[in-house]
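Trainee: Chains as they are written, first to last, in my numbering: chain A, 1 to 475; chain B, 1 to 105; chain C, 1 to 495; chain D, 1 to 639.
FYI, nobody ran anything at the bench for these hints, they're computed from the structure. As the structure is a computational prediction, the values presented were derived from the model and not from experiment. Hints may contain errors.
As the list claims (entries may be wrong) - Listed next, with one range per pair, are the computed distances between beta-carbon atoms:
(1) A:T438 - D:A584: 51 to 59 Å
(2) C:A54 - D:E346: 51 to 59 Å
(3) B:I68 - A:P262: 25 to 33 Å
(4) D:F52 - C:G493: 54 to 62 Å
(5) A:E58 - B:A76: 26 to 34 Å
(6) C:K212 - A:N351: 44 to 52 Å
(7) C:D2 - D:I607: 47 to 55 Å
(8) C:T20 - D:T167: 49 to 57 Å
(9) C:A475 - D:T167: 33 to 41 Å
(10) A:Y150 - B:F69: 34 to 42 Å
(11) C:L463 - D:Y466: 47 to 55 Å
(12) D:K575 - C:W279: 27 to 35 Å
To be verified - A short list of chain B residues far from chain D (calculated; beta carbon distances all over 10 Å):
(13) G4
(14) V13
(15) L17
(16) I32
(17) V47
(18) P58
(19) I65
(20) I68
(21) A72
(22) A75
(23) I86
(24) Y89
Note that CB positions come from ideal geometry on N, CA and C, so glycine has one too.
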Amino acid sequence: MNMETVLLLRQEISILIIALLLLIFEIFAGDRQKEGVVSLTIILFALHTGIGFLDMKEGLLFGGMFRTNALIHLFKNILNIGVLIVLLQSAEWVKRELVPQHRGSEFFILLLSSLLGLQFLISSGDFLMFYLGLELSTLPLAALSAFEMYRRRSSEAGIKLILSSALASGITLFGISLMYASTGTIYFAEMGTLISENNLTVMALILFFAGLGFKISLVPFHFWTADVYEGAPIGVASYLSVISKGAAVFILMIFFFTVLKPLIHLWENLFYLLAVLTMFLGNLFALRQQNMKRFLAFSSIAQAGFILLGLITGTTLGVATVIYFVLIYIFSNLAAFGVVQAISTETGKENMRDYEGLYRTNPKLSLVMMLGLFSLAGIPPVAGFFGKFFLFTAAASKGYYFLVFLAVVNVTISLYYYLLVVRAMFLRKSDHPIPHFTNALYMRIGLVITVVGILALGLYSPIYDYIYALSNTLN
Amino acid sequence: MIEGISIYELLTVSTILFFIGVYGFITRKNLISVLISVELILNGAAVNFVVINKYLYPEVLQGMIFSIFIIAVAAAETALAISIIINLYRKISSVEVKEVETMKN
Amino acid sequence: MDILSLFIVVPLLTVLVLLTARSLKQARMIALIGTLVQVAMSVNLLFAYLRERAVSDELMLFTRDLVWFRDFNIHYSVGVDGISVALLMLTALVVLAGVFISWKMEELPKEFFISLIVLSTGVYGFFISLDLFLMFVFFEIAVIPMFLLIGIWGSGPREYAAMKLTLMLMGASAVLLVGILGIYFNSGAGGGPLTFNILEIAEVQIPVEAQKLFFPLTFIGFAVIGALFPFHTWSPDGHASAPTAVSMLHAGVLMKLGGYGVFRVAMYLMPEGTLHWSWFFIVLATFGVIYGAFAAIRQTDLKYINAYSSVSHLGLVLFALLMLNKTAWNGAIIQSLSHGFMTALFFALIGMIYERTHTRDVTKLGGLLKVIPFISATYVIAGLASLGLPGFSGFVAEMNIFVGAFQHPEIPYRIASIFAVSAIVVTAVYILRVVGMMLMGPLKENSITPMEKATWYEKTGILLMLLPIIGIGVAPLWLSEMILESIQPFIQGVL
Amino acid sequence: MNYTAIILIPLIPLAVFLVLGLFNRKIGPGVSGLVGVGGMLVSTLLSFYTAFEYFMVLGKVSGAYPTLVESTVWMNFTETLRIDMGVLIDPISVMMLIVVSTISLMVHIYSRGYMKGDEGYTKFFSFLSLFTFSMYGLVLATNLFQIYIFWELVGVSSYLLIGYYYTKESAVAAAKKAFIVTRFADLGFLIGILLIGYYTGTYDFETLNNPEGATLTHWAPASFMGLSVLTWGLILIFIGGAGKSAMFPLHIWLPDAMEGPTPVSALIHAATMVVAGVFLVARLFPMYFFVEEGFALQIVAFVGAFSALFAAVIALTQTDIKRVLAYSTMSQLGYMMLALGVSGYEGSQGLGYMSSMFHLFTHAMFKALLFLCAGSVIHAVHSNYLKDMGQLRKYMPITHLSFLVAALAIAGIPPFAGFWSKDEILVAVYQQNTFLYVVGIFVAGLTALYIFRIYFGIFWGKDNTYEHRPAESPASMTVPLIVLAVLSATVGFIPFSEFISPDRAGFDAHIDIPMAITAVAVALIGIGIAWMLYKKESGLATRLTDRLGVLYTWAHRKFYMDEVYLFVTKNILFKGIAAGAAWADRKIVDGTMNLIGNSTVLFSKKIKGMQSGRVQDYAMAFVSGTVILALLFIYLWTS
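Looking at chain A on its own, in the form it has when it is part of the complex (with noise of 0.2 Å):
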């Protein structure tokens, strides 16, 4: 154990230290001081998030089962952001609700321990480490999802994040053995130079891909989003929707990309029919929802449609655009659960109907789930519109007009549904609003946070070009 493995670990040691620190501090501090928790966690995960930026040189560890490089690095740093919005946004609930069963702390070791999870599962050099990563980051979540024990919907949700999940992993793994049936090894690097093409693989191919499937939630395999999404707590919710999701795009990009690059011919079709699939199937059960939560779950099974447009590409560009649209995402989305987290902190609304009327009372929530939502719909001139612009750029440059013609299509169509939730906030009067009020310091950060980062990302090109500097460095 040098000095160099400890550097190469830094981030995953770094969390596990945290959590560590919470445990601690969970056993000794005294029941006035439970509260401190909550700032303590902040602060300490800000301070991780803050030394992820110092740069990482790249190597292998356990004999390749781990690896890590500046791109990896980039994925995790854009995780701990993302993780860190979660926290400070779900910091006024988790002191409202969980402190005084004593129970904070826990909440915010499993998450971390799930984040610990996808840290592994997107550097992890062979199949092991993946499937450990895989089972660490969804384990945790399930235990998140049914967090809230007194209410049943939660409870509902855990069993079903957990029993889909087992038959996911499951799947997966049978597609692993098959996988390792026709190369002989577990080890990314090697199976890149073995791979070839013939129907064990293809299988093997499908099957593997069902599980990440099952993370991005893209359609077919995604009917457990919406449901766990509308009974987990918000803050569970949200780290589903952007951290989970985001990191297996990435490990899903790495790994098609460097290892089955040579059978790209074969899942690019795989990539337009699902993406066509996912986008339309996301946006039409998103048109009626009436539950925030929920309505920004089908929306999210959405966005995963357009990402799939630059991962058909296979190519730099898609990769680099890739990158850049799930950190917006990770931005817009979060500005959204942020807004729902607030109001049903505060008041226990989670409907639209809720909403009527609440920028007369509350502007600037309003203002903020706007450009949220308006990112989400790729309106300019927010980062949402650079992202989407670019995704379909990365299509084009393959010449998949037809299928950028469907993704406008669909951008239309998820337009309409975020309007919904503008005019209900905008154009509506109500007769009973939800009252004004004022939002915890935490959350208000979080939220500043978001909309900084959804009018800086788009305007401020450097993030691009420096992202795409990184891209080439994947294969």
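Go by the hints and put chains B, C and D onto chain A.
Mentor: Relative to chain A, chains B, C and D alone:
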């Protein structure tokens, strides 16, 4: 390497195991038995690993190791699932699948 | 800060300052100052342009080019020629007039003016940008505030109208996006790097097949906002529900983006595509011209009448553009300007009449000339202008269009132009019908109530629209010359 | 020539219009009246000065009166086509200047009395000035487009003046009708201009009218449906002219136009604007004559003849005196068209052309006079209808006498103006076409009849009882009457043929004695019949009408032209096309758009069952999805 039994039989067994699991998962009415079916699925995969390792690539034990991990994780998974189910049972005193369909459409 | 970027910066500053406004008084004062500055800038730009044009034969003047997204070769690249200068002028004036007209905007005034100015920013940006990406960005920025403007401050079925308008326009822009991507990825045909820059793309010869594929997408993408039949149905509902100033800005300026985009992007970059498709769109446009006019005859709601007449008049713009000669193009541009002023004027007047009589139903009105002479008289003048009476801008534009269209070498096109010409009679019918029913004739109950005479700010708003109409109509030479020489290079590019 | 003087002629009325129009409220009636009349006076003087200079001082250059053009570019279309604004001075334009100035001045003076106390007094004068300006611009136009521009402007000023009493439904309707009908005709005019412009590459009258010019010789061959494109152009342009000059079948607006104040009828709908059509044909006469041996010209002739007859017949039966005059105007215009239509080009061949202009000139005088008299009568008895009149000669001698002069003039009794011009016309027609001559001479008789019918009806006839005794109108109204009466009596002696002929060389026309005698005889017969029927109140007239029966009713109902038009516009255009378009737009076009939206939402409702909420269904979808994908791969996508 078991005498007289080729890889095909064994793989067939594991595959059957897998699909029995899937079938059970889809048809059982009781959450517990659904959970058991999940175990079957996982074990199917695990068997696969072992067999492939033993028959095709005996020189390195990657498959073996993998299967051990699968078993371990499966245990954790089950534990968690059970706990959630128990929690649910406390509330609605039932472990029927049809009880967890309140969120839909 | 160069003279063009000001057109984006100043409105944004205005918006920022507006954020601090506390009351209607403050809000409108800030908005007024901001828009006044914009008008000043556009006037200044006009003279600067004329001075510069005298010495330089560049295609675009006052160009400014900054790299934005290096890897896509996206630039912040702006520049103007006579056409854009004229349209900027139009925009500035209409926005200013809009501020005057909404002097008494009681509900959420701050937000109203902010949205209004954001919209105008989008329009300015669209007119000055030379980079397709930039252009597209501004295009959508210009469209989206309409949702709030109609939805919050509108009347009647405002939510439906707002949703419909936004979705149709955004859908169109989505189609346009495909077209733009198509152009982008074929812009390397000359061996150079891919580019969004219009001038650079114009240099390279986009493969004919690609042109045939992407021209219709681009054309429709723009033409929808130019109210091309049958994609015009967002406009009657939208206008009917929108508040006065918004209708003015939207019909007066926003709809001009269509013609301008078609001209600048679709036709200029894809000449073969244009030639290949022109017959088809000519048919649509010609039909739209007559159809819109006829549909206007039967309407009873003033705003609907005006909306349909816009369909007819703007159909004429597209029609002229597709005739592919400089006289017709000149006519198209002048028509854009003149229709901009006229329809804005109309909507302003309709708004005033509505405020006083609380109805827009012509059958319920009568003899207004007696009650509110100034407004009514102006309405008559506007009507005469819109039916193409000499001495008003409409005549200049239409004559250019008709003469130009008639220069087309092929018989069918000349036949089509005869059809288009015949619209002038129908126009006369629906204009005079309104004038006869609403302004003349015996007074009806809605008109008897003693009404407030036009206030100073209303009069200012009206004059801002009316003077240009007469100015262009009486002395068209300088304008048409300015536009003609800007058209010259394009005509060479296309033919 | 002194161009500044010429250019001032139209500009002064324009200035007056702007001043009166802009400061409508500020200016009191007295001032505005004075301003209007003063402006007109100056213009008139300038016109006479110009005429004097042109005909007397400048005189003929190499045997013909020159065409003087002074113009500036107003707008460029193409390298060759452009719109110029300028003045073109040649015999007919100068003559028109005189006509317009004189009549307009008279009407201005007259209106000061007639419109006294009207609330829109200032507005009225500003409109009058606007019209005068436009009319000047029209007659001075140097090219087709300029004439079109002012053509439209006179149209709109006529619209404004007809609808002057804008609270009267009928007035509004009449104004609308007038504008739209003429607008429809102008459509023809415009297309004609486009055609000719496209083929000849110019709008300038000089180039177009040049008999040897390339435009005529070169493009005449290019044909469309058997006729030369230029002929088509000319026919279309004539449609425009027919619209303004109320030729059949575009005449229907003229009678209704009488809704306007009487001075307006006198100025616009009798003397000046309505002759614009005639002027237009005259202006393009060489073209009409030389293109395809004047095919278009024949059309002009026949349309003119028919309208003359048609209108005269209707005029017999109307009871509203202004309408009678309106139809008589139409009929006289028919005469002018007819004369133009039969005219030749060289020397004395151009008799028809000359006589037409001559008649235009004289007609302006006496018809204006007739209208002003009628105005004065109406002013006195507050009614347009014959039944409310009678024996007025006792009350208003001046009006009576001047009306009589005018009546004799129009009836063509020597030595009054009408005689000379009408006689020339009949001669010209006789030389060309006997049939048309018969028509012409018959119409001459009818003219005498209908004019004296109303003359007797107004000033003799039954002894009406008036609640308040009608009195002679004030001086401001009678003075113009006297002046015009004098003119109507005398202008016939002007040696017109000296000044005006197609080739501008001029020739000396001589009275053809037998012709003259027949014409006068016919006229006298007409008068005689009128005398018998209407001098005293007697049942004869009514019995006669009963005898004629259906014929009478038809004529009385103006041969149902209005009904025909009404049917076409109301049922076909409005109820048919317009309503159809409006319906289709809402239901079909808009419907489709909404349908797309609604069906999307509906579909999304339909598929909501997929999300059943049961984890096992999800698993099912999961697995089957995987399997399907696998199959797709293995059977579709793998090579």
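Trainee: If a hint holds in the structure, say so; if it doesn't, say that too.
Mentor: Results of checking the hints against the structure:
1. The hinted range of 51 to 59 Å is satisfied by T438 of chain A and A584 of chain D, whose Cβ atoms lie roughly 55 Å apart.
2. Checking the proposed 51 to 59 Å range against A54 of chain C and E346 of chain D shows it holds: the Cβ atoms sit about 53 Å from each other.
3. Between I68 of chain B and P262 of chain A the beta carbon distance is about 31 Å. The supplied range of 25 to 33 Å therefore holds.
4. Checked against the hint of 54 to 62 Å, the C-beta distance between F52 of chain D and G493 of chain C comes to roughly 58 Å, which is consistent with it.
5. The hinted window of 26 to 34 Å between E58 of chain A and A76 of chain B holds, with their beta carbons roughly 31 Å apart.
6. Take K212 of chain C and N351 of chain A: their Cβ atoms lie about 50 Å apart, and the range 44 to 52 Å holds.
7. A beta carbon spacing of about 54 Å between D2 of chain C and I607 of chain D agrees with the range 47 to 55 Å that was offered as a hint.
8. Roughly 52 Å separates the CB atoms of T20 of chain C and T167 of chain D, a value that falls within the hinted 49 to 57 Å.
9. Distance hint check: the CB atoms of A475 of chain C and T167 of chain D are about 36 Å apart, consistent with the given range 33 to 41 Å.
10. Between Y150 of chain A and F69 of chain B the C-beta distance comes to about 35 Å, which sits within the given range of 34 to 42 Å.
11. Checked against the given bound of 47 to 55 Å, the beta carbons of L463 of chain C and Y466 of chain D, roughly 51 Å apart, stay inside it.
12. For K575 of chain D paired with W279 of chain C, a C-beta distance near 33 Å keeps the hint of 27 to 35 Å intact.
13. At roughly 32 Å from the closest C-beta of chain D, the C-beta of G4 of chain B stays outside 10 Å, upholding its exclusion from the interface.
14. For V13 of chain B, the condition that its CB be more than 10 Å from all CB atoms of chain D holds, with the nearest at approximately 20 Å.
15. The beta carbon of L17 of chain B is kept farther than 10 Å from every beta carbon of chain D, the shortest such distance being approximately 15 Å.
16. In this structure I32 of chain B is separated from chain D by more than 10 Å, as the shortest Cβ-Cβ distance comes to about 14 Å.
17. Every beta carbon of chain D lies more than 10 Å from that of V47 of chain B, the smallest distance being close to 19 Å; the non-interface claim holds.
18. Annotated as non-interface, P58 of chain B keeps its C-beta farther than 10 Å from every C-beta of chain D; the closest such distance is 29 Å.
19. The Cβ of I65 of chain B sits about 26 Å from the closest Cβ of chain D, beyond the 10 Å cut-off, so the non-interface label holds.
20. Every beta carbon of chain D lies more than 10 Å from that of I68 of chain B, the smallest distance being close to 26 Å; the non-interface claim holds.
21. At roughly 24 Å, the least C-beta separation between A72 of chain B and chain D is larger than 10 Å, which holds for a residue marked as non-interface.
22. With a cut of 10 Å on Cβ distances, A75 of chain B stays outside the contact zone with chain D, its closest approach being about 21 Å.
23. Listed as outside the interface, I86 of chain B is consistent with that label: its C-beta sits roughly 17 Å from the nearest C-beta of chain D, beyond the 10 Å cut-off.
24. Once the 10 Å rule is applied to beta carbons, Y89 of chain B is consistent with being away from chain D; the minimum gap is 16 Å.
Hint compliance for this structure: every hint is met.
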